Each structure stands twice: as structure tokens, then as C-alpha cells.
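K.L.:
Chain residues, written in single-letter form:
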Amino acid sequence: MLKQRPFLVEILTAVGLIVAPFVLPHLGFAPNTVNRILVWGLFGLGFDILFGFTGLLSFGQSAFYGTGGFVAAYLLTRAGFPNVLLALVIGMIAAAVTGYLVGLIALRRTGIYFAMITVAIAEVFYFVEFNPLAHWTGGENGLPGVPTPSIDLGFTSFHFTTGWSLYVFLAACYFIGVVIALRIVRSPVGAIFSAIRDNPLRATAVGHNIHGYKLTAFVIAAAYAGFAGGLLGSMQAFMPPDAFMFDTSGQLIMQTAIGGPGTLFGPLVGAAVWLFLQDFLQSALGLGAAWKLVLGVVFVLLVCFLRRGIIGGFIDLYALVSGKRKHREPAEEATTALTAEEEQKVAEAEIAKEPDAPAMAPPKRSGDNYSGPILQATGLTKRYGGLLANSDIDFTVNHGELRGIIGPNGAGKSTFFKMLTCEIPPTSGKIVFEGRDITGMNVTDVCQLGLTKSYQVNQLFTGLTVRENLTIAALSELRGKFRLDMFRSLDSIPGLSEQVERTLELVNLTKRPDTPVSELAYGEKRRLEIGLALATSPSLLLLDEPLAGMSPRERVETVKLLKSISKGRTMIIIDHDMDALFELAERVTVLQEGRVLVEGTPDEIKNNAAVQEAYLGGVHGELDA
Amino acid sequence: MINWPNFVSQLFNGLALGALLALISSGLTIIYGTLGVLNLAHGAMFMVGGYAGYVAYTYTGSFILAVIAGSLFVMILGIVMERVIIRHFYHRPHEDQLLVTFGLGICFVEIVRFIFSSQSQIVPPPSLFQGITSLGFMFYPTYRLAVVGIVAIALAVLFIVLYRTRLGMIVRAGIEDSVMVDSLGINVYRVFMIVFGIGAMAAGFAGIVNAPVVSLTPGIGDDILVQTFVVVVIGGVGSFPGAILGGLIAGEIISITSMIDPSYAYVMLFVAMTLVLVLRPHGLLGTQGRE
Numbered sequence: 001m002l003k004q005r006p007f008l009v010e011i012l013t014a015v016g017l018i019v020a021p022f023v024l025p026h027l028g029f030a031p032n033t034v035n036r037i038l039v040w041g042l043f044g045l046g047f048d049i050l051f052g053f054t055g056l057l058s059f060g061q062s063a064f065y066g067t068g069g070f071v072a073a074y075l076l077t078r079a080g081f082p083n084v085l086l087a088l089v090i091g092m093i094a095a096a097v098t099g100y101l102v103g104l105i106a107l108r109r110t111g112i113y114f115a116m117i118t119v120a121i122a123e124v125f126y127f128v129e130f131n132p133l134a135h136w137t138g139g140e141n142g143l144p145g146v147p148t149p150s151i152d153l154g155f156t157s158f159h160f161t162t163g164w165s166l167y168v169f170l171a172a173c174y175f176i177g178v179v180i181a182l183r184i185v186r187s188p189v190g191a192i193f194s195a196i197r198d199n200p201l202r203a204t205a206v207g208h209n210i211h212g213y214k215l216t217a218f219v220i221a222a223a224y225a226g227f228a229g230g231l232l233g234s235m236q237a238f239m240p241p242d243a244f245m246f247d248t249s250g251q252l253i254m255q256t257a258i259g260g261p262g263t264l265f266g267p268l269v270g271a272a273v274w275l276f277l278q279d280f281l282q283s284a285l286g287l288g289a290a291w292k293l294v295l296g297v298v299f300v301l302l303v304c305f306l307r308r309g310i311i312g313g314f315i316d317l318y319a320l321v322s323g324k325r326k327h328r329e330p331a332e333e334a335t336t337a338l339t340a341e342e343e344q345k346v347a348e349a350e351i352a353k354e355p356d357a358p359a360m361a362p363p364k365r366s367g368d369n370y371s372g373p374i375l376q377a378t379g380l381t382k383r384y385g386g387l388l389a390n391s392d393i394d395f396t397v398n399h400g401e402l403r404g405i406i407g408p409n410g411a412g413k414s415t416f417f418k419m420l421t422c423e424i425p426p427t428s429g430k431i432v433f434e435g436r437d438i439t440g441m442n443v444t445d446v447c448q449l450g451l452t453k454s455y456q457v458n459q460l461f462t463g464l465t466v467r468e469n470l471t472i473a474a475l476s477e478l479r480g481k482f483r484l485d486m487f488r489s490l491d492s493i494p495g496l497s498e499q500v501e502r503t504l505e506l507v508n509l510t511k512r513p514d515t516p517v518s519e520l521a522y523g524e525k526r527r528l529e530i531g532l533a534l535a536t537s538p539s540l541l542l543l544d545e546p547l548a549g550m551s552p553r554e555r556v557e558t559v560k561l562l563k564s565i566s567k568g569r570t571m572i573i574i575d576h577d578m579d580a581l582f583e584l585a586e587r588v589t590v591l592q593e594g595r596v597l598v599e600g601t602p603d604e605i606k607n608n609a610a611v612q613e614a615y616l617g618g619v620h621g622e623l624d625a
Numbered sequence: 626m627i628n629w630p631n632f633v634s635q636l637f638n639g640l641a642l643g644a645l646l647a648l649i650s651s652g653l654t655i656i657y658g659t660l661g662v663l664n665l666a667h668g669a670m671f672m673v674g675g676y677a678g679y680v681a682y683t684y685t686g687s688f689i690l691a692v693i694a695g696s697l698f699v700m701i702l703g704i705v706m707e708r709v710i711i712r713h714f715y716h717r718p719h720e721d722q723l724l725v726t727f728g729l730g731i732c733f734v735e736i737v738r739f740i741f742s743s744q745s746q747i748v749p750p751p752s753l754f755q756g757i758t759s760l761g762f763m764f765y766p767t768y769r770l771a772v773v774g775i776v777a778i779a780l781a782v783l784f785i786v787l788y789r790t791r792l793g794m795i796v797r798a799g800i801e802d803s804v805m806v807d808s809l810g811i812n813v814y815r816v817f818m819i820v821f822g823i824g825a826m827a828a829g830f831a832g833i834v835n836a837p838v839v840s841l842t843p844g845i846g847d848d849i850l851v852q853t854f855v856v857v858v859i860g861g862v863g864s865f866p867g868a869i870l871g872g873l874i875a876g877e878i879i880s881i882t883s884m885i886d887p888s889y890a891y892v893m894l895f896v897a898m899t900l901v902l903v904l905r906p907h908g909l910l911g912t913q914g915r916e
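Chains as they are written, first to last, in my numbering: chain A, 1 to 625; chain B, 626 to 916.
Everything labelled a hint here was simulated from the structure, so no lab data went into it.
Since this is a predicted model, take the numbers as computed values, not measurements.
Beta carbons: idealized from backbone N, C-alpha and C, even for Gly.
Be a bit skeptical, because a hint or two may be false.
If you only want the chain B side, here are some residues facing chain A, beta carbon under 8 Å, derived [claimed, not checked]:
(1) F854
(2) V862
(3) Y889
Let the hints inform the model, and build the full structure from the sequences given.
P.N.:
What follows is the structure in C-alpha cells.
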């Protein structure tokens with residue numbers, strides 16, 4: 001949505017900001033109101049990156065708004081600092097540093113805890129401003145006499161005082177803020193932000209250090225808040241202590257939700273609605289203090305019925321009117337347009353066609369010179385209380401091998417995989433990957449080393465498109481687990497689009513790269529699940545029941561796909577479909593009750609009495625489909 | 626030199642505040658534990674309880690009736706809120722639940738402000754508990770002592786309901802795994818409604834019991850909500866014993882710090898919360914894996 005023509009959004013923003021002073025007065029906006037809207041909008045740009053894009057709902061943004069504002073105001077009033085612009089920047093840096101420190105604590109937890117901790121921290125700032133720091137901040141009186149900015153260019157100087165004159169300065173700040181925010185959102189960092197919002201677990205598993213990125217988003221939001229806080233003081237010629245109040249954070253959240261989170265412009269629109277209604281209800285309708293009640297009700301209704309806010313509502317409406325609707329319909333419809341017969345033909349043709357994409361060779365990694373087995377687990381045991389999920393498993397896989405793992409339900413197959421990818425730590429035992437002991441490492445680092453898995457239950461970034469999904473996975477291999485290339489465009493990363501295209505071809509999704517994941521058919525989601533693991537270019541790929549829940553036709557297709565992926569790659573596959581597995585795998589390991597029952601070639605396994613006992617006659621006595 | 630009577634009196638203040646916070650927090654925590662919804666309107670419900678009691682007191686002059694009216698009104702408010710709005714949010718993201726309860730909280734505060742204005746209202750303590758009591762070495766307001774007792778009784782009742790009744794067993798099972806409870810043939814949505822009602826009632830009861838100690842303003846719930854969060858983070862989300870322990874700790878921290886320098890009360894509370902987060906991220910009595 002924000003990725004149309006280059007600079008389109010930037011140009012529209014600039015035009016809008018230039019036109020605003022000529023249009024808004026006719027709609028009943030006073031210049032000071034417009035200026036306040038811009039300050040809220042700038043404050044909200046950072047918050048939207050944090051909440052709308054990264055999915056972190058902080059109730060404590062007032063802490064950074066106030067910090068930036070008071071640092072700038074103190075410098076300009078008490079410290080006699082002459083340069084307003086520089087003071088604003090120092091305030092912004094102070095807020096960013098504060099944001100970093102607060103983020104270290106608040107981001108220890110997620111979701112509801114995160115919200116509660118940010119509230120509590122912001123409240124501390126409020127009380128600290130009021131009392132212990134009252135000597136510097138003026139306590140409940142705030143800091144009066146903050147000057148307005150002026151820019152001296154040597155030959156001429158601009159002084160921005162009040163009203164539309166100040167508007168020019170604020171609009172310029174807002175414009176720069178938008179340009180920076182758009183760059184961040186369109187950068188690899190921005191892509192990972194939305195991955196964190198959609199599925200933090202998978203973002204971690206494909207090799208991104210999400211804690212680092214969350215902290216980045218938090219600091220960005222704090223920096224925007226700090227700068228906006230400084231502008232507030234300068235605009236009002238007074239830095240009010242209520243910048244630190246919980247109500248400030250609350251108003252920001254409500255404005256963002258009203259305007260539309262995840263759109264960058266939502267907070268601006270929300271602020272316009274908020275301030276307009278406030279004036280309108282108070283003066284025109286004479287509602288007095290009840291204006292906030294009306295806004296509260298409007299807010300609740302919007303959250304209930306229009307989750308994506310006003311801008312989101314308009315986007316949906318536009319899509320509806322401009323006939324883009326078919327885009328939003330479920331994937332099945334596209335195929336049911338064909339008759340069953342045609343569909344069958346298409347499917348057969350697709351199956352018959354050898355994927356022309358060359359098998360993606362895993363990149364060179366440090367472990368490549370190692371010549372021993374790619375994976376060696378010894379004595380791997382996992383105990384949950386009294387339950388022994390895995391006990392004393394020894395397991396070795398060689399380079400280039402395609403290993404199958406079968407076993408009745410509850411044999412501990414998935415637990416075994418989780419330990420291999422370091423999602424859960426083993427109770428005892430050791431895992432060596434390419435000669436390196438990875439026991440006790442985390443899933444992100446292990447993925448960066450070249451070991452990852454596709455999940456038994458789809459773990460996709462459901463709000464994003466197929467291409468965006470694969471991009472996020474590919475980024476981890478191309479950029480490492482953490483990198484702050486916030487101003488770099490996604491297109492400028494060498495090898496990224498090639499890798500995404502290759503993966504699309506490998507998992508046979510070339511026809512639907514721009515479809516949102518939520519609209520894919522089940523089989524397509526399943527293939528994308530494998531694609532996500534594949535796009536990280538693993539040297540060892542684990543697949544947890546890749547065929548689960550597929551129709552017979554999809555199975556044939558997927559087996560074909562797995563075969564082509566396995567060229568030049570080591571894979572371990574868990575599945576219940578024995579025919580498929582016996583066809584694919586060179587060797588098969590059978591797990592039963594958390595132990596290795598037997599290991600051998602498919603033929604050996606088929607004829608093994610113990611295996612037949614386990615599946616047909618043993619304690620479990622069930623034949624898994 | 627420490628002024629001992631002052632110190633002991635602050636200990637009592639801490640106990641009274643702590644007991645109150647424990648009661649409000651247990652309401653918040655059982656709602657969150659069972660329904661998975663963090664009710665940001667909880668502070669506003671505490672405030673509404675005070676005002677509902679105030680109205681009942683003005684009309685009847687009976688403090689007991691005021692307590693009953695305050696608790697029942699907020700319970701009904703909670704049930705209506707759950708039926709009409711919250712239940713549509715069970716399957717929506719946590720962020721939406723936070724937003725909607727936050728918005729509802731604002732609506733409650735503004736409705737009360739609309740009706741009663743921002744001026745503070747006074748509910749006098751019941752005649753039985755007026756005046757001060759001699760504790761031998763110091764004097765202490767009788768009603769504050771009574772608050773400790775009243776809240777302790779309320780907590781005991783809540784404990785009995787949660788740990789000694791069939792409903793309580795279902796609620797506790799629901800905190801562990803509400804899907805499982807549902808599949809056992811228990812109408813979990815009805816349980817949700819009852820839990821929301823009980824949790825809201827705890828806040829409303831605390832609101833009216835606390836009313837004679839402070840003066841009522843529409844914004845009275847905001848601070849309490851923040852303190853409740855700290856209590857819940859310290860004690861562990863979803864844990865009833867954790868809420869009680871966390872409440873007492875928070876209450877004592879606030880009053881003892883206030884004795885030395887009131888402006889640092891929140892800072893110390895925050896330091897305590899940070900320590901818990903660093904040393905025991907899931908709270909003192911919380912269990913791992915409940916997010």
C-alpha cells in the first residue's frame with residue numbers, strides 16, 4: 001500500500017502541506033489548531049512505527065514526549081541556549097537514549113505485560129518531573145518562555161513566530177519526519193518490523209534477532225516523541241508538565257486508532273478529527289466538558305467496528321469501489337472458475353513439469369570445510385516432569401543425505417525436532433551441527449548457522465503477501481540476525497529478489513507472489529511454509545510433517561517439490577505418509593516412545609518386525625493415516 | 626532517628642493500602658487469567674463503585690447499603706460490559722482488547738464527570754468506625770483499621786469462592802486452560818460472564834470501602850489502575866495469591882517511602898517492579914508460559 005510509485009507519497013504529502021493553509025481555514029481550523037495537529041502527527045509517526053508496524057502497543061509514550069520537551073525547553077530557557085533547532089535535536093537524542101533504557105526493561109516481556117510496564121514507567125516519569133526534578137523542570141509550573149525557532153542562513157534569517165509563520169517550520173519538520181518514516185518502513189528493518197507484528201515466533205525462527213529490532217522500533221518512537229515534545233514547548237512558548245501525563249499517551253493511542261494504525265498518516269488524521277471535534281463540541285454545540293465523553297464513545301465504536309480506523313476504512317472503500325474486490329476474495333475461487341476436468345489437466349501438467357529452477361545451493365558458511373557428519377546428536381533426552389518425551393537418542397546425518405523419521409503419534413518426533421533447532425533446550429545430551437556444538441544456543445543463531453525447519457502447523461506472516469513472507473526469510477540470510485540498515489531500500493539488497501524468485505519457483509508459487517497469505521488455499525500455505533524455511537538457504541533443512549492435511553493430489557505435487565529441493569541439500573523429514581517417505585528418503589529412523597527403535601534403508605524398515613509390531617500390533621495399536 | 630509511632634502508623638497505612646490494592650488486583654488478575662483480557666477500565670470501575678455507593682449513601686444514609694449498592698452496581702456494569710462488548714473481543718488481538726477497555730474506561734470517567742462534575746465528593750465513614758483508636762503507644766484513625774479488616778474479609782470470601790466452591794474450581798481450571806474447560810461440557814462463556822462480574826465487583830467494593838478514606842473524584846481510578854499493574858507484574862499475572870502478596874508489598878513500599886519522601890514513592894515502586902522483572906520475569910508467584 002505504501003509501495004506504489006517512487007516518491008508518490010512524499011510528493012502528495014508535500015502538496016498537502018503546502019495546500020493546507022489555503023484550504024483548512026475555510027473548514028474552520030485556526031492556524032494554532034493546525035500546528036497542534038502537526039505536532040501530534042509527528043509524535044504519532046514514531047508511535048505508528050512502534051504500534052501499527054511492529055505491533056507493540058505502548059501506553060507510555062508520554063515519558064519520551066515529556067523528556068524531549070523538557071530537555072529542549074530547559075536548554076532554551078534556564079541554560080540560555082541560543083539555537084532552537086539544535087536544542088530540539090538534543091531533546092530528541094535525550095528522549096531516544098531514555099527510550100533505549102526504558103525499552104531494555106519494558107521489552108523483557110510482550111503483549112499485556114509490555115502494556116502494563118510502559119504505563120507504570122511513564123507514571124514514574126510524571127512523578128519524577130513533578131518532585132525530585134522540580135528544580136530543573138519547574139515542577140507543576142512547567143517551563144515558560146520557550147522561544148520559537150529561527151534559522152540564520154548568514155545572508156538572511158527566518159524567524160518563525162506564531163500561526164502560519166510557525167506552520168511553515170512545523171510543516172517542514174513533519175515533512176522530513178514523513179520522509180524518514182517512509183524510508184524506515186520500506187527498508188529491510190521495516191519489513192522485519194511487520195514480521196514481528198504478524199508472527200514474532202517465526203520471525204525469530206527464520207533468524208532475526210527480534211529483541212534488537214523491537215528495541216530499535218521503541219527507540220525510533222521515543223526519538224519522534226522527543227522531537228515532537230520539543231516542538232510543543234516551542235509552539236506554546238511554554239513547556240507544560242501535563243506532557244508527561246498518562247492522558248497524553250492515551251490521547252496519542254486514541255488518535256492513532258481513530259485515524260488508522262499502520263498507515264503513518266493515521267495519527268495526523270486522528271489528531272485532526274480529535275482537535276476539530278473538541279473545538280466543535282465545546283464551542284459550537286456548547287457541550288462543555290462532555291466533549292471527551294463523545295470522543296470516548298466514538299473511539300470505542302471505531303475499535304469495535306472499524307479496526308483499521310478512518311484511513312483503513314477509506315482504503316477498504318476505495319478497493320470496493322474500484323473493483324479491486326476480486327483481489328480480496330478467497331484463493332479457492334480463482335481455481336473453481338475452471339471446470340474440474342480442466343483443473344485436473346492443469347494439475348497434471350504442473351506435476352509433469354520439472355521445476356526449471358536450479359536447486360538453490362546453500363551459501364558458503366564457515367562450517368563448509370568440515371567433512372564429518374552434518375548433524376550429530378548424542379544422548380539427547382527431554383523430560384517434562386515425569387514424562388520422558390525423548391530418551392537417550394543418538395542420531396547422525398551425513399552431508400547430502402535425505403533422512404526420514406517415522407513413528408506412531410506421541411513417539412516424540414516433534415520434540416526431537418524442536419531440540420535439534422534449539423527451540424527447546426534438551427534436558428541432557430549434545431547436538432553437534434557441522435562440527436560445532438550448538439547445544440544451548442538459541443533458534444535464531446542456529447538458523448543463521450544454516451539449520452532451520454518448517455513447522456507442523458503453519459507459522460506464516462499472515463497479514464503479508466507471499467513475496468513479503470519470503471523476503472523476510474531471505475533477509476535473515478543476506479543481512480545476518482541484526483543490522484540497522486534503516487535507510488536502505490529493499491530493492492538495493494544484492495541477491496534478495498533473485499533469492500525470493502528462486503524460492504517462489506521452487507515452491508511453485510510464482511503465480512501468486514502478491515496475494516496476501518490469508519487468501520491462500522491450504523496447500524499453497526503449506527508450500528509457503530516450506531518456502532519460508534527454504535528462503536533462509538539452510539544447509540540442513542528439517543521438515544515437520546510437510547504433507548500433513550494435504551489431498552492426494554497435493555501430496556504428489558509436494559513430494560515432487562521435496563525431491564527437487566533435496567538436490568544439493570541435506571534434509572530430515574518427519575511424516576506419517578510412509579509411501580511418500582519411503583520413496584523420498586535414503587534412510588529412515590523409526591522413533592517409538594521417545595527412543596530410536598530402528599534405523600535403516602526403506603526396505604529394511606518395511607520388513608522389520610519391530611516396526612510392524614510398533615505400528616500394527618504393539619501398545620499403540622493404531623495405524624496412522 | 627526514626628520516629629517509631631510515625632513508622633508504625635505508616636506500616637498500618639501501607640497495610641490498608643496494600644489490602645485494598647490486593648483486592649482490586651485480584652479482580653483484575655482473575656479476569657485476565659480466565660478471559661485473557663486485561664481490563665483497562667478496571668480503575669474506572671473502582672471509581673464507579675465509589676460514586677454508586679455515594680449516591681446510595683446520600684439517599685439512604687446507610688453505609689452498609691452504600692457498600693452493597695456500590696458492589697452490585699459495578700458487578701452489573703461488568704456483566705453488561707462483558708455481554709455487550711467484551712465477548713466480541715475474545716478472538717481479537719490483545720491490542721484490540723486493550724484499546725476497547727481503555728476507551729470504555731474513559732467513557733465511564735467522563736460519564737461520572739458529566740453527572741457529578743469534577744468536584745470532589747465526601748462519603749463519611751460509618752458511625753461505628755468514626756474517630757480514632759488508641760493502640761496503646763499511638764492513635765490511629767478507626768476507619769482505616771476497619772478497612773484492613775473489611776478488605777481481609779472480602780479477600781477471604783473471594784478465596785473461599787475461588788478455592789472451595791464448584792464455580793471456583795471451574796474458574797481456576799479456566800485460568801489454566803479455558804479451551805479444555807469448554808470441551809468438558811461446561812459453558813465457558815457463562816463462566817466468563819460470572820468471572821467478569823466478580824472481578825468488577827471486587828473493584829467496585831474496594832471503591833466504596835475506600836471512599837471515606839479519600840475524597841471521590843472522577844480521576845481517582847487512574848492512579849489505582851497503574852498501581853494495580855505494578856501489583857500484578859510483581860505478583861504474577863493470573864495468580865490470586867500473587868495479587869495479595871504483590872498488593873501488600875506495593876502498599877508497604879508506597880507508605881514507607883512516603884514517610885521519608887513522598888515524591889519517591891512511585892520511583893521505589895518502579896524499582897521493585899524492575900527488580901522482579903529482572904530476577905523473576907513471571908512475577909513472584911506467577912507461572913511460566915502465561916503471557
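K.L.:
Now tell me, hint by hint, if it's right for this structure.
P.N.:
Hint check results:
A cut of 8 Å between beta carbons decides the hint on F854 of chain B: the least distance to chain A is about 4 Å, and the hint holds. Because the closest C-beta pair between V862 of chain B and chain A is about 7 Å apart, less than 8 Å, the hint holds. The beta carbon of Y889 of chain B is positioned within 8 Å of a beta carbon in chain A (closest approach about 7 Å), and the interface hint is therefore held.
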